[in-house]
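Novice: Model the full assembly from the supplied sequences, consistent with the hints where possible.
Listed below are the residues making up each chain.
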Amino acid sequence: MKNHVFRPLFAVIGLVVIVLVIRVFYVPKDFGVHERGYMYGWYREGNVSEWKTSVKVKYQGKEYCSGCHADKVQTIDKTPHAIIQCENCHGPANDAIADHPSEQRPKLTIDRTRAQCLRCHLKLVYPTSGRANIRGIDPEKHNPDIECVMCHNPHKPGLEGLK
Amino acid sequence: MNRREFLKNTAKAVAGVTVPLAAIEILSPARVQALKADSSVRWAFLVDTYKCVGCGLCVKACKNENEIPYEANVTRTWVERYVLTKDGKLYADSPKGARDGFTSAKIDLGMGKFQDIRKEDIKKAFFVPKLCNQCENPPCVQVCPVGATYQAPDGVVLVDRTWCIGCGYCIMGCPYGVRFFHPKYHTAEKCNFCYHRINKGLKTACVQACPFGARQIGNIKDPNDPVAKIITTERVGILKSEFGTKPQVFYIGLDEEVR
Ligand code: SF4
Ligand code: SF4
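Chains P and Z are the protein sequences, given in the same order.
Note that our numbering gives residue 205 to position 119 of the first sequence, counting from 1, and the numbers run on in steps of one.
Note that our numbering gives residue 52 to position 71 of the second sequence, counting from 1, and the numbers run on in steps of one.
Since the hints were derived computationally from the structure, they do not count as laboratory data.
By construction, the Cβ of each residue, glycine as well, lies at the ideal position given by its N, Cα and C atoms.
Check before you lean on any hint, since a few could be wrong.
[Said to hold, decoys possible] Simulated coverage check for chain P against chain Z, where a stretch passes if three residues somewhere in it have a Cβ under 8 Å from a Cβ of chain Z:
| hint | segment |
| --- | --- |
| 1 | 92 to 103 |
| 2 | 109 to 122 |
| 3 | 127 to 135 |
| 4 | 154 to 164 |
| 5 | 193 to 205 |
| 6 | 214 to 223 |
Specialist: The structure is reproduced here in structure tokens:
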């Protein structure tokens, strides 16, 4: 056969070899078929530990807060708001607290908006949902223009806690 | 086709074909044995729809914890509201995934339209939190052509951000619509049960943030796990069981209206 027929064939074989060689270097050693076989378990193993360890935890939880603010936590623990995590209103603690030495700690951003309270306290008569059991208001009728925290103390939400 | 094009196409085809080469990797018997050794952890999630009040504090915590831009209209977990009226109509909404909770009684119909429902007309109304089901047979993993979406030995379906090529097959493959592209990383994104938290003995951000205990996470391979006990001994439901994906997110109080 003539040379011009073979030339593209050699080119293709060359390409295959090049791609295979690149692949050896490019594909990580821990990439392959794992526990659940090809259909579900084909991945780079190192990524599992990457997800475990290199993502930062932001929300620390109430116990962490009570380490320094035990008084606040004790007060709120006697109220119906005891079920709410501090960070639900005060924002995640990690970036502001854990990462900074005490002299240069930025303040947490506190959500004092009406909307934050209405998440639970907008009256919704929804049978088959816990929402029906929460004391709520009609936001259009109940002091529409001011923030709830102007009158209500979120740490002492009972009426005796009225400011 | 000219020669240049022919060679170009061939190069592409060869590169494509060699990607799944790992599939024909020959496993030694010892390795097969090692792979069979089952993990002693299988994470599962339990949602109690009776307890959920639609405050959306879970969604807010999730967005912050997992760095999903707050303003972007995408979330790893969201809460849906279902309102059934006495005349048999069904209304459902989830404004912004409920990241700000349900602070209006009006149903958000989209396109700036809202529906008022009188409380006398309501027959049933409740909230349903949703998230990735970490399916036992995840179609999203099956369709991923490069092995970027995969199932970890403890059952959680993870996305390898360095390996995802952004083709979007998994987004199409998931029958639950829980996947989206991360606005910053431009890789496929979804709930991964706060993998960085549960492996440190913490609860997921949404479970921790929920004031009403509507969300719980546990290990169904541990017979003493309180969540496992409920899942294995009480009547719980899963979403879209007809697809056979075997979701590992279980619901108390599911209703036929919930899809
Ligand atoms: S719910 Fe969707 S994204 Fe999650 S594991 Fe199942 S198929 Fe994959
Ligand atoms: S935090 Fe709990 S009660 Fe509030 S919306 Fe989420 S699951 Fe429902």
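Novice: So, for every hint listed, does it hold in this structure?
Specialist: Hints, verified against the model:
no.: 1; hint: 92 to 103; result: holds (count 5)
no.: 2; hint: 109 to 122; result: holds (count 8)
no.: 3; hint: 127 to 135; result: holds (count 6)
no.: 4; hint: 154 to 164; result: violated (count 0)
no.: 5; hint: 193 to 205; result: holds (count 3)
no.: 6; hint: 214 to 223; result: holds (count 5)
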